Amino acid sequence: MTDTHSLTDTERQDRQPEQISHVVVRFAGDSGDGMQLTGDRFTSVSALFGNDLSTFPDYPAEIRAPAGTVNGVSSFQVHISDHDITTPGDAPNVLVVMNPAALKADLHRLEQNGLLIVNSDAFETRDLEKAGYDHNPLHDDYLAAYRVVEVPMTSLTQLATEPLGVKPRDAERSKNFFALGLVSWLYSRPIEPTVEWIGTRFKDLVKDSNLAALRAGFNFGETSELFDHPYQVKPAQLPPGEYTNITGNVALAWGLIAAGQLAKLPVFLGTYPITPASDILHELSKHKHFGVRTVQAEDEIAAAGMALGAAFAGHLGITTTSGPGVALKSETTSLAVSLELPFVLVDVQRGGPSTGLPTKTEAADLNIAMFGRHGEAPLPIVAAYSPAQCFDAAIEACRIALKYRTPVILLSDGYLANGSEPWLLPDPATLPDISVPFQTATNHVAEDGTAEFWPYLRDPETLARPWAIPGTPGLQHRVGGIEKEDGTGNISYSPENHTKMVHLRQAKIDGIANDIPLATITGDADAEVCLLGWGSTWAAIDAAVQRTRRAGTKVAWIHLTHVNPMPPNLGGLLKTFKHVLVPELNLGQLCRLVRADYLVDAKAITKVQGLPFTSAELENAIQEALTQGAGK
Amino acid sequence: MTDTAVPLTTKKDWVSDQEVRWCPGCGDYGVMHAVQALMPELGINTENTVFISGIGCSSRFPYYMNTYGMHSIHGRAPAVATGVAVARPDLDVWVVTGDGDALSIGGNHLIHALRRNVNLTILLFNNRIYGLTKGQYSPTSEQGKVTKSTPFGSIDHPFNPLSLALGAEASFVARTHDLDRKHMMATFRAAHAHKGASFVEIYQNCNVFNDGAYDAVTGKQARAENMIDLVHGQPIRFGAEGHKGVIMGTDGQLRIVEVAEVGEAALLVHDAQRHDPGLAFALARLSHDDHSPTPFGIFRDVERGDYGTMVADQVLAASQKKGPGDLGALLRSGGTWHVSA
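First to last, the protein sequences are chains A and B. Per this note's numbering, residue 20 is the first one in the first sequence, and the count goes up by one each step. Per this note's numbering, residue -6 is the first one in the second sequence, and the count goes up by one each step.
Isolated chain A, as found in the complex (with noise of 0.2 angstroms):
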């Protein structure tokens, strides 16, 4: 470690941590430069340290796209707070980057006068030619408006990893441990859990060489004169309880996991690999020992036809996809209304159509959740809205399904997926019973007395039929895609019955607006504008509402978990208000339904960016809708 600008222990004891409330630091490099798990462990430690957080890793699609280009820049985005929060934050306070290609992706999103750390070693004409850059920006005044530090970071991980005889070359690769180290020691965070988690990690010399850099930025940062002082945030006010941090997609497995237990089922989990939903396969995957099975298929739709044989068979059968996926197994969803079986489709949605944008973030698929499939074939669409929730989200979804015989599409995102936040953990005696019985005897009585089982005969309450599975003496019978008669579950091409079988299946997904909790504002009920949200603009509409009103404007505020159907008394609260704004990651697919359905005169806010909503632009939107409004 070099020691040029050692301070003195008087001088030392003046560099006290500054306490901040929050801070949103964003770590970028290129793709090989392991910028997601630097901003992961800053994260966990970030979590164990009890701070409130929401992270936002945003990364190309390519698994290495041209080194050092802004096409393969990977960042990865975190909002570390002593209060509550929701967002990752509009505008990093930090940008940390690792060379020129990252400065340009991502330079414009921090705040003016932000802290701008920058990996001097990268900045060689070479590196910014191939960033696009014909001067060097830190040559001139092109970064005046920030705080620029310069951080020589890939020659002193060298340094530091030298003497233990790693090659330059490899010592490169340590470079982003020598990053989080330095930050760490900037906002005042232990680096013990990350030296421990190294020690489980890595082994041998480049366990020590990521050790060596970890320490060396930390001191690095203690001993140089580039930064004041330290700063703190203080862990965050939150409710009592025990913590975890989790992303969503982990959530999610945790709540089919749970569902499983609480529905005293097997899990089966049919599913084919496809960004950014294949970590809930391999998250279950992992979990054998709760009895769930998971079979990688061969496609999307073996997969979905997997999960349904599954559920046929009294399994809790569920597949996970993304968009693509969504419409591969539209087919099987289709047969899944006819069968009236219980199967639960998760969409982590992404940006769209086709390969779209595969790890970017976007809620395009409600149109395809709510019309995707073939005949009138309606069923229940449930929309996670925080990564933590993802967790309740699936225990729902699988109650639905399982009380009322139906496939249920399960819509959560990319943003939700990857993204992560401290979740209170629940208590799991206090989850939900949501264990529905099988059928188990016959359930009707023939003319000539001989006792039958009709596989169609419907529960007058809740219109779901009955669950007989394999195995069971009696109960054989047959299902299929063919219209079936009422009751008997005969095939039937009766014109009357069929009208009767689409009324039906209509009535049941409908009167399941019975068995969800009503629709509640947030905010002002005398505002005059109302947010309609639903999925995970969530945190940025829960940030600009709390804005707007502290800057005592009147907003309120609805959000929906239950999309289809959604609460009964929705539409008669939209009504109330003057202007009703919905909040979409798609160019207003939940707005265009609940024009339909309430004849409300709705305003979609729309952003296709592949990016979430930043708080701002949702304050912004509500302003004008008042500006707008005050003007007619």
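Hints listed in this document are in silico derivations from the structure and should not be mistaken for laboratory results. Take these hints with a grain of salt, some might be off.
To be verified - Partner residues aside, some chain B positions facing chain A, computed with beta carbon under 10 angstroms: (1) Ala78; (2) Gly321; (3) Ala334.
As the list claims (entries may be wrong) - Simulated crosslink set (DSS-like; lysine-lysine; CA at most 27 angstroms straight-line): (4) B/Lys315 / A/Lys283; (5) A/Lys222 / A/Lys149; (6) A/Lys305 / B/Lys315; (7) A/Lys226 / A/Lys253; (8) A/Lys597 / A/Lys626; (9) A/Lys573 / A/Lys519; (10) A/Lys283 / B/Lys314; (11) A/Lys253 / A/Lys222; (12) A/Lys283 / A/Lys253; (13) A/Lys149 / A/Lys226; (14) A/Lys305 / B/Lys5; (15) B/Lys175 / B/Lys5.
What the hints assert, rightly or not - Label-pair distances were calculated between CB atoms; the ranges are: (16) B/Ser326 / A/Leu630: 27 to 33 angstroms; (17) B/Asp83 / A/Glu211: 33 to 39 angstroms; (18) A/Pro372 / B/Lys175: 54 to 60 angstroms.
Quick caveat, the model's predicted, so the values are computed rather than measured. The C-beta atom is built at its ideal place from N, Cα and C for all residues, glycine as well.
Start from chain A and add chain B according to the hints.
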């Protein structure tokens, strides 16, 4: 699965109350009667038996069996059946499919079910035509076939279903035909007894859209000269007097010869249990049209772990190692911290 001395059921127990709606004279009837007659001999229960089909004429089959059943989606029966079999290894799962269903729209699912060796008994009704959609050529129709969709003759090269199954390394591969109930029952019995995926191609006549497709092989006049009965461990010979046989030439090619000319010792001895599927594949390629000697019987019958059992074993091993799943422990597995009041 062993046959029991006292059957648990009679044929009547396996027949559902639904009216059978195939065309009069359809080969499907013969197959259905063979299956229904066989079931009591297998010593299994109707409630533990599941028939899964896709779409097509033969896929109506489950409606006629008094078991659990699903008439699913065109081509997807092997996938749905995989779900049933993996979820419930205790069940007897049968797949009924046709040449269009299994080899065209569902080709992918078929090869993967065979590759995984899912414990399924797959009956492929091959009539070389699309019947339900009223007469288009199928992936097994011969080149040059004139149908509604090929007025100038089909230019598609047909699949040989057995070659395909063997290429996917199916562990049990057999062929039978709809005119010989005894042969069908024997073949289905062996297929059912096999643990893992069993694939049976059934030459089946569609008397409406492709009548007589197999007459030159399975017709009463032709049988003796054109049907080769494969018997494990026996020299392969056929013909009215057993005067013809199959040899493997020094070039590795199988050839049909007069036994008198080469001597019985030169004949190829059938080995269905050979691990390498090469011999079975060569036998599957022996005939290239519907007019030449064609092997029937069991081409391949080898042991390989079945998928559903292996999945269940992993679940069991995980439970034994980690104990039953504990939700509270799972939620804490990523590291936690406490916030005090």
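Checking one constraint from the list: CA of A/Lys226 to CA of A/Lys253, max 27 angstroms. Satisfied?
Between A/Lys226 and A/Lys253 the Cα gap is close to 30 angstroms, so the pair fails against 27 angstroms, i.e. violated.
Pairwise beta carbon distance, B/Asp83 to A/Glu211, judged against the given window 33 to 39 angstroms
violated (51 angstroms)
Can the suggested window of 54 to 60 angstroms be confirmed for the beta-carbon pair A/Pro372 and B/Lys175?
holds (56 angstroms)
Holds or violated: are the alpha carbons of B/Lys315 and A/Lys283 at most 27 angstroms from each other?
holds (19 angstroms)
Does A/Lys519 lie within 27 angstroms of A/Lys573 when you go C-alpha to C-alpha?
Violated: A/Lys573 and A/Lys519 sit about 48 angstroms apart, past 27 angstroms.
Check the hint pairing B/Lys175 with B/Lys5 against an upper bound of 27 angstroms on the C-alpha distance.
It holds: about 19 angstroms lies between the C-alpha atoms, which stays within 27 angstroms.
Is the hinted pair A/Lys283 and B/Lys314 satisfied, with a Cα-Cα distance of at most 27 angstroms?
Holds, because 21 angstroms separates the two Cα atoms, which is no more than 27 angstroms.
So does B/Ser326 sit 27 to 33 angstroms from A/Leu630, Cβ to Cβ?
holds (31 angstroms)
With the threshold set at 27 angstroms, check whether the alpha-carbon distance from A/Lys305 to B/Lys5 stays at or below it.
The given pair, whose Cα atoms are some 46 angstroms apart, is violated under the 27 angstroms limit.
Was the hint right that B/Ala334 lines chain A, CB cutoff 10 angstroms?
holds (4 angstroms)
Assess, step by step, whether the Cα of A/Lys222 is no farther than 27 angstroms from the Cα of A/Lys149, and give holds or violated.
violated (33 angstroms)
27 angstroms limit on alpha-carbon distance, applied to hinted pair A/Lys283 and A/Lys253:
With Cα atoms ~42 angstroms apart, A/Lys283 and A/Lys253 exceed 27 angstroms; violated.
This entry does not satisfy hints 5, 7, 9, 11, 12, 13, 14, 17, going by the numbered hints stated previously.
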